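Engineer: Okay, here's what each chain looks like letter by letter:
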Amino acid sequence: MAETDDKTGPPVTLIEPIDMTKLDPNFRKEIQNMPDGDEVNACFACSTCTAACPIANQWKYKPHQLIRMILLGMREEVLSSREIWECLTCFQCQERCPQGVRVTDIIFDLRDLASEEGKIPDAVKFLAKELLEKGQLYVVTADWEREDLDLEPEVPGLSTDEFKEILKRTRTGKIAGGE
Amino acid sequence: MPTYNLYMGCSVPANYPNYEAATLKVAEKLGMELQYMEGVACCGSPNLRAIDYFGWLLVNARTLAIGEKNGHDIVTPCNGCFAALKDVWYHLKHNEEDLKKVNEELKKSGLELKCNVRVRHVVEAMYTDIGIVAIKERITKPLDGVRIAIHYGCHLLRPKDVTEFTPEVLDELLRATGATVVEYPLWKQCCGATVLPVNEDLAVRLAHDKLKSMKDAEAEFAMVVCPACGNQLDLQQFGIKESYGVEFNLPVLFYPQILALAMGMSEDEVGLGMNRVPADPILCHFTSE
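If you read the protein sequences in the order shown, they are chains A and B. For the first sequence, this note's numbering gives the first residue as 1, with consecutive numbering after it. For the second sequence, this note's numbering gives the first residue as 1, with consecutive numbering after it.
Pulled out of the complex, with its shape left as it was, chain A reads as follows:
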């Protein structure tokens, strides 16, 4: 076993102290009241979610830490983190959580909260604009390919007007129009 020469610093197992003045005690309640937050309090920080996450290695805040940060009230750090937007939403953490915490769904809720405050990555903001302009995500460009396969050149039944109409009035409209 290697011995540490430097005995002056804090033990390496300790994380940075949390600035208590910045904590938002209501954050936990806020998440609990969102569509998937019912079970968030049940987290006992076993970090099974982190073990299941295929990309946790590159994150500063691991999935179990994000949940812990919610419970502690670290609202600003969580909602500004790049982690909530890089989550693959593969649901492996949620599937394995022994406490029934809907970890991935909660990350979706966190994005929704961040979006309400305008904290959205540019690439996602761009997608919002695209959705609003086109009324769909992908538009048929190679209609000859479709015709070769005896398919209608346009997608049968897909209507874009109502989609645009709805999203213009909801938050997407604000995000895409609020430049």
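I should point out that these hints are in silico values taken from the structure, not numbers from a laboratory. Keep in mind that a hint or two might mislead.
[What the hints assert, rightly or not] Chain B is faced by these chain A residues, among others (derived, beta-carbon under 10 Å):
(1) Cys-87
(2) Gln-92
(3) Asp-109
(4) Asp-112
(5) Ile-120
(6) Phe-126
(7) Lys-134
(8) Gln-136
(9) Ala-142
Computed from a predicted structure; not experimentally measured. Even for Gly, the Cβ is constructed at its ideal location relative to N, Cα and C.
Given chain A, work out where chain B should sit, using these hints.
Structural biologist: Coordinates of chain B only, in the frame set by chain A:
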């Protein structure tokens, strides 16, 4: 003949008409009547759920309400559309307050959602309503046991209480064609499609790992049932070649393409030439009974 509301979404028709054509042709042979839904909107993708939860509820509730009118199940070939419709259905089924809010909006266009409609992946309808026995009866050119790795897709399998889908469905469907289902360590791992907009390097890494895991397990082909996963595993092989200098050369096929060929349809009928990594080597593995 069982009749279904077909929700095609936007990604399949725009990017993979071969998947669309193969699905329609297989369904016809199996005696399933798929009717394109009229006047439905795009599901908005998981990105819409992330930035505009209520807007996402509304557009998908509208689609569900349209499907509910004629009482037929909604089926879709896209895991993304599947997840959106299932998620919204699940949420509104369990949240009266939001259902009420949504219905107030839907009322303006003469619609109402009662959450009686059922949403399913189109291949699950083949599995459950037609059944493996009947599918096997239609197979005239079974595969010779060729090794195929299945990528199920995260949003098809999870969260299970919402999707109600088990991986065995795809295993059995593939085995019915005579192929061998390859077990590989990363079978549950994400293809990386969802993270493409915000971190492309990461998306490429995930696709690379997935394909490598399949290759290491000696898969000769990969199978998908989602256009986004298809894109990540098939087209992205060119991105992987650029970033990693690795050439997997692993052809990726949609399940209905494999099934259609095993039922004796031609490669043109299933648009095999549109698969990005040339998939015609599969043709050498069909036997004639």
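Engineer: Each hint: holds or not?
Structural biologist: Each hint, compared with the structure:
1. Given hint, A/Cys-87 at the interface with chain B, holds; its Cβ is 8 Å from that chain's nearest Cβ, closer than 10 Å.
2. Interface hint status for A/Gln-92: upheld, as the beta-carbon distance to the closest one in chain B is roughly 6 Å, under 10 Å.
3. Of the supplied interface hints, the one on A/Asp-109 holds, with its beta-carbon coming within about 8 Å of a beta-carbon of chain B, less than 10 Å.
4. Taking 10 Å as the C-beta cut-off, the interface hint given for A/Asp-112 holds, the closest approach to chain B being about 5 Å.
5. Restraint check, A/Ile-120 versus chain B: the minimum CB separation of about 6 Å is within 10 Å; hint holds.
6. Given the 10 Å rule on beta carbons, the hint for A/Phe-126 holds: about 8 Å separates it from the nearest Cβ of chain B.
7. At its closest, the beta carbon of A/Lys-134 sits 9 Å from a beta carbon of chain B; the interface hint therefore holds under the 10 Å criterion.
8. Satisfaction of the interface hint for A/Gln-136 is found here, the shortest Cβ-Cβ separation to chain B being roughly 4 Å, below the 10 Å cut-off.
9. For A/Ala-142, the interface hint holds, since its Cβ comes within 10 Å of a Cβ in chain B; the closest pair sits about 8 Å apart.
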